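S.K.: Assemble the dimeric complex from its two separately framed chains, guided by the hints.
So the protein sequences, as listed, match chains A and B. Reminder that position 129 of the first sequence reads as 129 in our numbering, one-by-one numbering, no gaps. Reminder that position 312 of the second sequence reads as 312 in our numbering, one-by-one numbering, no gaps.
Calculated directly from the structure, the hints in this document are not laboratory data. Quantities reported herein were computed from a predicted structural model and do not represent experimental measurements.
With a straight-line cut-off of 30 Å between C-alpha atoms, the simulated DSSO-like cross-links for lysine-lysine are:
#1 A/K171 with B/K156
#2 B/K237 with A/K157
#3 B/K309 with B/K433
#4 A/K171 with B/K237
#5 B/K244 with B/K34
#6 A/K105 with B/K210
#7 B/K159 with A/K91
#8 A/K108 with B/K156
#9 B/K237 with A/K91
#10 A/K108 with B/K237
#11 B/K244 with A/K108
#12 B/K154 with A/K105
#13 B/K244 with A/K91
#14 A/K155 with B/K237
#15 B/K154 with A/K67
#16 B/K185 with B/K247
#17 B/K237 with A/K67
#18 B/K34 with B/K44
#19 A/K67 with A/K139
#20 A/K105 with B/K156
#21 A/K102 with B/K237
#22 A/K102 with B/K154
#23 A/K37 with A/K50
#24 B/K477 with A/K91
#25 A/K155 with B/K159
#26 A/K171 with A/K105
#27 B/K293 with A/K91
Now the stretches of chain A that chain B is said to cover, found in silico as 3 or more residues with beta-carbon under 8 Å:
#28 72–80
#29 92–103
#30 106–120
Backbone N, C-alpha and C define an ideal beta-carbon position, used for all residues, glycine too.
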Amino acid sequence: MAYTVRRPNLTFWEKIYLPNIIAGLAITFKHLKKMLKGETHVVMQYPEEKWDAHLPEYYRGAPTLVKDEHGRERCVSCQLCEFICPPRAIKITPGSIPSESKFAKVEKFPEAFDIDMSRCIYCGLCEEVCPEQAIFLRKDYAVTGESRADMVHHKEKLYELGGTMPDLVHKWNPEK
Amino acid sequence: MSTEVPLLNVQIDGVWMQFPKGTKVIEACSQAGKFIPRYCYHPKLSIPGNCRMCLIEMGMPKMTPDRKPVLGPDGRPEIGWIPRPQISCAQDVAEGMGIRTDSPLVKECRQGVMEFLLINHPLDCPICDQAGECRLQEFSVEYGNSHSRFLERKVKKPKNVELGPRVTLDAERCVLCSRCIRFMKEVAKDDVLGFVDRGGFSTIACHPEKTLESNYSLNTVDICPVGALTSTDFRFKMRVWFLKETKSIDVNDGLGCNILIGSRENHIYRITPRENNDVNGNWIPDSHRLNFKYIQSEERILAPTVDQKPAAWTEATKAAVAKLKAAGKLAMIVSSKLTNEELYLAKRLATALNITLHDTLPRFETPDGILIPSDRNPNTSGARLLGAFTKEPGAHLKEIVEGVRKGTIQGVLSLGEDLLDCGFAHEDLLKLKALVVTSILPNASTKAAHVVLSGAAWAEKRGSMVNIHGRLQRLNKAVEPAGESRDDWEILRDLLEATGTVAALHSIEDVFRSMSQDVPAFAGLNLGKIGDLGLQLLPKQETATVTA
Chain A
1 MAYTVRRPNL
11 TFWEKIYLPN
21 IIAGLAITFK
31 HLKKMLKGET
41 HVVMQYPEEK
51 WDAHLPEYYR
61 GAPTLVKDEH
71 GRERCVSCQL
81 CEFICPPRAI
91 KITPGSIPSE
101 SKFAKVEKFP
111 EAFDIDMSRC
121 IYCGLCEEVC
131 PEQAIFLRKD
141 YAVTGESRAD
151 MVHHKEKLYE
161 LGGTMPDLVH
171 KWNPEK
Chain B
1 MSTEVPLLNV
11 QIDGVWMQFP
21 KGTKVIEACS
31 QAGKFIPRYC
41 YHPKLSIPGN
51 CRMCLIEMGM
61 PKMTPDRKPV
71 LGPDGRPEIG
81 WIPRPQISCA
91 QDVAEGMGIR
101 TDSPLVKECR
111 QGVMEFLLIN
121 HPLDCPICDQ
131 AGECRLQEFS
141 VEYGNSHSRF
151 LERKVKKPKN
161 VELGPRVTLD
171 AERCVLCSRC
181 IRFMKEVAKD
191 DVLGFVDRGG
201 FSTIACHPEK
211 TLESNYSLNT
221 VDICPVGALT
231 STDFRFKMRV
241 WFLKETKSID
251 VNDGLGCNIL
261 IGSRENHIYR
271 ITPRENNDVN
281 GNWIPDSHRL
291 NFKYIQSEER
301 ILAPTVDQKP
311 AAWTEATKAA
321 VAKLKAAGKL
331 AMIVSSKLTN
341 EELYLAKRLA
351 TALNITLHDT
361 LPRFETPDGI
371 LIPSDRNPNT
381 SGARLLGAFT
391 KEPGAHLKEI
401 VEGVRKGTIQ
411 GVLSLGEDLL
421 DCGFAHEDLL
431 KLKALVVTSI
441 LPNASTKAAH
451 VVLSGAAWAE
461 KRGSMVNIHG
471 RLQRLNKAVE
481 PAGESRDDWE
491 ILRDLLEATG
501 TVAALHSIED
511 VFRSMSQDVP
521 AFAGLNLGKI
531 GDLGLQLLPK
541 QETATVTA
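Pulled out of the complex, with its shape left as it was, chain B reads as follows (with noise of 0.2 Å):
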């Protein structure tokens, strides 16, 4: 910060408070534990102040005739109020300023505007999939009345209108707050959506040319207040009261927006945006937080195998072990997309099985100027720090390759990557006296293993990872593994150990510990000290060479 913002003293239900200069008063109201109810105000976006919701009574001091403000008896400036109510969201607060938020004047207000916005409702909260985070019940409640004074025909709008491929509108829900239109516009740079029929018959649609196809539509749903804007995946999947929303990051791309699993019995259901202004904002992609039907995929490998064989656990750690020993040179290629942790025990794996040469499967891919960034890996930087690829990530790819094909490697251990994607042919595979795969699911390389060991999925394990920002962020288990699959971290350790080494590692917060002993990166740390938003691990400056 280069200068110092100066605070201003402002009087907030009779208490006197201060705030820094540009706080705007709904903001100021709530940190001083006074919520405003609201529906269009979004701190991310414009203030169009349309809904009228956050209607407050204010006053300014009154001056002397020598425009010295009024002291009263306290010291404190008399302040003269304002005979008419304000909206608080588009007013900064200013010196002297005074706000009352539960006046008699306000109560009427807030009550009036409730029965306004009720007046065309459909009340068909049983079939809407906002109940349970609708702020149009939730102010009804607090700030409604119990019951309609409106005799009249309800004016009648369209419903379950595909606004695009993600998004159904329900236009009578609508309670025009433009929230949508704004985000559109000032975030997602897609300016498709706005009022038409002006008047009682105000409705949100689409320019009649375009639809609601922006990778970033699904964010309308999130910051709609009512139930209008709907997401076409989650429509009536499930109620959202019955979600256990597990706080993770996505695993998509080297930003790792913080998200929240919305999860029941062991079923995701959907994923949404976690606020983290160092991160994401309070944004996510549509193609990142749709992509976690893979992980409840009927194709699952369910369990380990030994030569194609379904395998105990204990047999399949020791014959992968034994196999590489067995098999003569060996190479080791790691996924980016594995936590710190389980690349921390890989990379104690390969020294212990003397595997020098090792590389990771970079994935770069153009950046969309918003939020995805260019490198599509989740977490390149940890892999860096944990030493998982030895100069750029992908550069001894083709060494290994050509080293398989001429026959001078004989074993390849895979973690978490189709050997197809990395340069190697289906023959190649083939020639192999020992392939071991970790995977979730099957592919080329798991039909060719010899040993395939079945992991977890990122929404099925604790960890951490190092996005491209070096900022350190935490996963966490929102269900539990598929079938008989492991974390992986443990599979690693269970190798570790089939090599001889005694590796004493019991749990998560162990590797983490081993890791912060040996890594001087995260020295001091531990998972609980990341916390939920993250921790900045490595200067922002340094970032540059990450992502290049």
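With the rest of the complex left out, here is chain A (with noise of 0.2 Å):
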């Protein structure tokens, strides 16, 4: 059905346009002025200056692996993560932990993690997915490198931008 659309009533100034475009252009002059004052400051100088100081905590960036507070690996690579991850950008080999380790209770962890970044769509599914909270999304976003094979962060790379998360899983302590 055809809707008609109601065209307000102009008054006779509003005609003839004038007194709005001298009021925008009121406008536009004051910014200039204050431009030229140096009172405002609208351009970032990227990468000199960034924006990171006001991520916000939920801030989805790069996946990275975490550590326990005891050091330990949290990631049991269960492949969750493998399974979920919509455009196939993870790949874990799975090991089993030495029973003369510290932390042969817990029997498996990854060999290898290796997440393409130049895959990674930054869902954040993997960070959902994990069981055991051991990847999160952080806040590195500039992931850059000079070849295809530079992209790809490897077991080291992951828990370097990861670092230490203390107090999630307790499962795995020792016994007290």
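M.R.: As structure tokens, then:
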């Protein structure tokens, strides 16, 4: 059904435009004057200046791996993130922890953990699916590299970015 | 079947149905589409009734004082319900029996049993290999509670225990269903497992002076409904939900156990048995299921070679035929590990090259009395049907070896066998003017061969085989052939075309069609008709001659 748009009933002064144009120009000149006096600061000089301090807590940057307060790799290589990852950026090679290790109780760890950052879409499903709270999207967003191989974050890089997050999972802690 | 089994009227969830006498209630319910959760019940094992997961409500017809059933207004017997739950696995159906599988009582029972089972469960699914095919996970979602009410400390039990060379036990995950104990006692006939520390600390354990080293030990891992028993070989290799399962058959002996090949991204991770009650039941020997690593070996021949130099396929097949034709008198050794299609083409190739002397290498060893027969070649029956050997397997091998030694035979075509296994000495191979070999792994013959044609392993190709009981079964392709390797039927087809014959075979289906036209035993069949469980091709009586 046709819908009739109601036109506003303009007054005489509105119909001749001029007062509104003058009002607009006044605003423009006001800002020009402020700019010339150096009172406004609009352009940010990236990368010398960054917005990082203003990033919210929930910001989804590069995915990283974290260790717990005992220095244990949180990841037990259950491969759920590999399964859920929509662009298939994650590749895990599982391995078993040797019985002489102090974390032998955990039995399983990732021998290799690669995230292809040229594939990652920063969706955060890996963080959401992780049953061990081992993978987090942190605030790193400037991921660069000179080749495709450079864009793959290996385990060392992931732990370097992730660091330590204490007090999240207690089930593997030694008995008190 | 000698006598007709009487059918009994049973009411399941208000619907009257008929089941043959002797049917277990749990099976009857499954057939009626009412799945009953179970841990300890396994159709191939005895029934201990110890997991209590299959509880149902049951009733029998109400009886009048003169022992006649009271009939309701619908003419059916009125059921007097037993006021407590029953286990459905240890109960046969009876005339007029009533069963309720989803009444409030049954639901509450299942919820209660699940809560008890999970009290001491470690909940380490992220590191458990069973996750994804775990009954405890599945039934917990289906029938369990969303959270635990258990505040006390969980019981600690032994973890990561090597029960045997191939099986690892995590006693904390065990639900004490005793399937593994019963399997070892009843099927593997090696009664080494049992419960110890009866009570809250009950644990599966091996007899103190023994280990779980039976050649059937890995079947306990398959039937373990939880992650208590895991395969040491498959441990932490890959999560099961990534595996693509290809239905195929085992090629380590003449029985051809039905299997599932679990692969991911062109890599085989494990092999598990597939139920076929006419062949292997639910089981497979460990030696067979673990014998797949050579397919992924670094040693694999990845491309054909001519005079030990890599060559293109067209060159290699042409060179092979040219060398064989130039050599003079020829002999052919065919492996009984080839599929029917390949054996058929080999026979046609022999005719095209005027080879009258051909034989297979027999492999007979002592049977193990359970599944493994004496014949360790997977397709001796097929080779017999397709004329790969003339009298008995191996009857002409000596003649061929002596012919080569005397110099009367100057060319040998070996399809899938190492000639050193067939009685040749290394110097014999050097005497030959033409030695053409198909193989997947390097051996003495491939090192001495003039032309090596790299074939596909059994998990890399389709085809059919006939087992010792005359059953036609199908191989399916789980992974791609390594490197430049090709399906053996394609190699044989190209060799055949290089001799000047127009084969006009473009797919494995074409080969089967051509075979079904030429060989009466396969008449009217195709690969599709074989089906996943195979097809009885020869009457079972005839197999005596095949197995002898």
